[in-house]
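Undergrad: Here is how the chains run, residue by residue.
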Amino acid sequence: MIKVRAERLNFYYGATRALQDISVAVQPNVVTAFIGPSGCGKSTFLRTLNRMNDIVPGTRVEGRVLIDDADIYAPGVDVVALRRRVGMVFQKSNPFPKSIFENVAYGLRINNMAGSRSELAGRVEESLRQAALWGEVKDRLHESALAISGGQQQRLCIARALAVRPEILLMDEPASALDPIATQRIEELIYDLKQAYTIVIVTHNMQQAARVSDYTAFFWLGRLVEYDRTDKIFTNPAEQLTEDYVTGRFG
Amino acid sequence: MRRLPDRAFQAVALAVLCLALAALAALILDVWRDGASRLSWDFLTGFPSRRAESAGIWHALTGSVFVILVTAALAVPIGVGAAIYLEEYGTRSLLARLIEINITNLAAVPSIIYGLLGLGLFVRALGMGRSVLAGASTLALLVLPVIILTTREALRAVPRSIREGSYALGATKWQTIWHQVLPVALPGILTGTILALSRAIGETAPLITIGALTFVAFVPDGLWSPFTVLPIQIFNWVSRPQPAFQVNAAAAILVLLALLLTMNAAAVWLRDRYQKKLV
Ligand SMILES: Nc1ncnc2c1ncn2[C@@H]1O[C@H](COP(=O)(O)OP(=O)(O)OP(=O)(O)O)[C@@H](O)[C@H]1O
Ligand SMILES: [Mg+2]
Chain H
788 MIKVRAERLN FYYGATRALQ DISVAVQPNV VTAFIGPSGC GKSTFLRTLN
838 RMNDIVPGTR VEGRVLIDDA DIYAPGVDVV ALRRRVGMVF QKSNPFPKSI
888 FENVAYGLRI NNMAGSRSEL AGRVEESLRQ AALWGEVKDR LHESALAISG
938 GQQQRLCIAR ALAVRPEILL MDEPASALDP IATQRIEELI YDLKQAYTIV
988 IVTHNMQQAA RVSDYTAFFW LGRLVEYDRT DKIFTNPAEQ LTEDYVTGRF
1038 G
Chain P
945 MRRLPDRAFQ AVALAVLCLA LAALAALILD VWRDGASRLS WDFLTGFPSR
995 RAESAGIWHA LTGSVFVILV TAALAVPIGV GAAIYLEEYG TRSLLARLIE
1045 INITNLAAVP SIIYGLLGLG LFVRALGMGR SVLAGASTLA LLVLPVIILT
1095 TREALRAVPR SIREGSYALG ATKWQTIWHQ VLPVALPGIL TGTILALSRA
1145 IGETAPLITI GALTFVAFVP DGLWSPFTVL PIQIFNWVSR PQPAFQVNAA
1195 AAILVLLALL LTMNAAAVWL RDRYQKKLV
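Keeping their order, the protein sequence lines are chains H and P. Positions 788 to 1038 (my numbering) are the ones given, in order, by the first sequence. Positions 945 to 1223 (my numbering) are the ones given, in order, by the second sequence.
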């Protein structure tokens, strides 16, 4: 069974091709890691999976992306409903310029999941706990989200994405600004979440990829070089390029 | 050596700024010398009179405030709505670009042209007569381009990451605009709008053109009421030969200036307040 399948996906920023012939099949209830050097197209590929690139002017997609066997780029697809199912944590954390509470509550409100006041507050607390942020912000829920630290903002964005309970969670370097303790909490969260979610995570941290993921995809210059079980990628990759990268002998 | 042109530029900029401020100060001081003695509660709440000493500006002051409120009620929803459409929904088509260029040009059209348009359209064709509604409609046309331009500017300044964050949660375009984009753009929109309205409150030509220069000795009591505004009252007094009326004009100018400064201060205050709330 396959949750997300890309078929010969090409992506263009204007005239430059950022992704070349990507074909990959992501399984449900596993964690898939995307690794590769900076600029190789990890974020671009991740953002084609919830059609976030639609709003970047001058971009173009070729090929297909199937989620639950339905092409998300087919004409007539409800992009709003798609993004509701495919949540995203961005590479640069982007909290709304509102209170911490409102940041998490927003997704619930617009999706009619808010319920009563206490239900809403409960969901917000649960999401903040999952993202390992509750203890640090529980006394200042109604203060501005821009007034907390960068790492806290990153976890707030994770909480925000979790609150609406997507089926698929795309995380673009969710732990890049976190200390080891918070990082560990997020990794534990990812481990817990995979029972119910399909998770794709972009990371530059090889140990993290090895720790949290079941499958790993190695990208290089807009191509998918190798995609396999994580233990295989890290111990016995098929490609020399992959081996050089994961062992740090790159360049 | 690199620092020298920098310093020179700073000095020139400062000199120019001082010159502008000095001119403004001289102007205000001059008017103040002429008119300050006439400022009193009676002057503010009095009605026009043939005797300069007992004439007041209550009718014109209320007229100005009423007209500007109606102008805002007409121009703000239309202007902000048009800007949202053009910025968020409009395509990059040739037509959209043509409209864009036209709006920029409209902002530079002399205000008397709007007066002629108002006379033809509102006063005559639509039969509004020389009413508050006709005046406010004319002024609304006048400030509309500025409101549209500043609103678009403010919308464009909202970072894409905020829109993406909203879309990623399954928000529709309208939800994103309403809940995330507009609140962030609001300080900019408010500032632009108040500055545009404060320009309108000082306008004389278009209102004279549509015929607001009739002798009005009462407070406007509705949208269809005839009216006069402060600049027209000032214009009226200045054109009289008796020196006592010149003093009245100077005093009325002071009141108009105070009104303008209050509006501009409100713009600054609102912007600061919202920015504080956001950060
Ligand atoms: N908005 C854009 N417009 C034009 N080109 C872009 C845009 N975003 C990314 N690119 C280009 O597309 C390529 C892939 O970028 P992408 O952000 O996907 O890389 P990445 O693998 O996520 O890198 P990093 O690890 O640094 O985040 C790069 O060459 C980049 O310069
Ligand atoms: Mg990236």
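Mixed in with the good hints, there may be bad ones.
What follows is a list of derived Cβ distance ranges for each label pair [stated by the list, open to error]:
#1 Val1053(P) to Leu1008(H): 33 to 41 Å
#2 Ala969(P) to Glu930(H): 54 to 62 Å
#3 Leu1008(H) to Arg1041(P): 48 to 56 Å
#4 Asp1216(P) to Val843(H): 28 to 36 Å
#5 Arg916(H) to Pro1103(P): 38 to 46 Å
#6 Asn899(H) to Leu963(P): 26 to 34 Å
#7 Ala1202(P) to Arg916(H): 25 to 33 Å
#8 Arg872(H) to Met1207(P): 55 to 63 Å
#9 Asn797(H) to Tyr1029(P): 30 to 38 Å
Cut-off 27 Å, straight-line C-alpha distance, at most; resulting in silico cross-link-like pairs (DSS-like, lysine-lysine) [stated by the list, open to error]:
#10 Lys981(H) to Lys1019(H)
#11 Lys885(H) to Lys1117(P)
#12 Lys885(H) to Lys925(H)
#13 Lys1019(H) to Lys1117(P)
Derived by calculation from the structure, the hints in this document are not laboratory data. In this text, a Cβ means the ideal position worked out from N, Cα and C, and glycines have one as well.
Undergrad: Which of the listed hints are broken here?
TA: 1, 2, 3, 5, 6, 7, 8, 13
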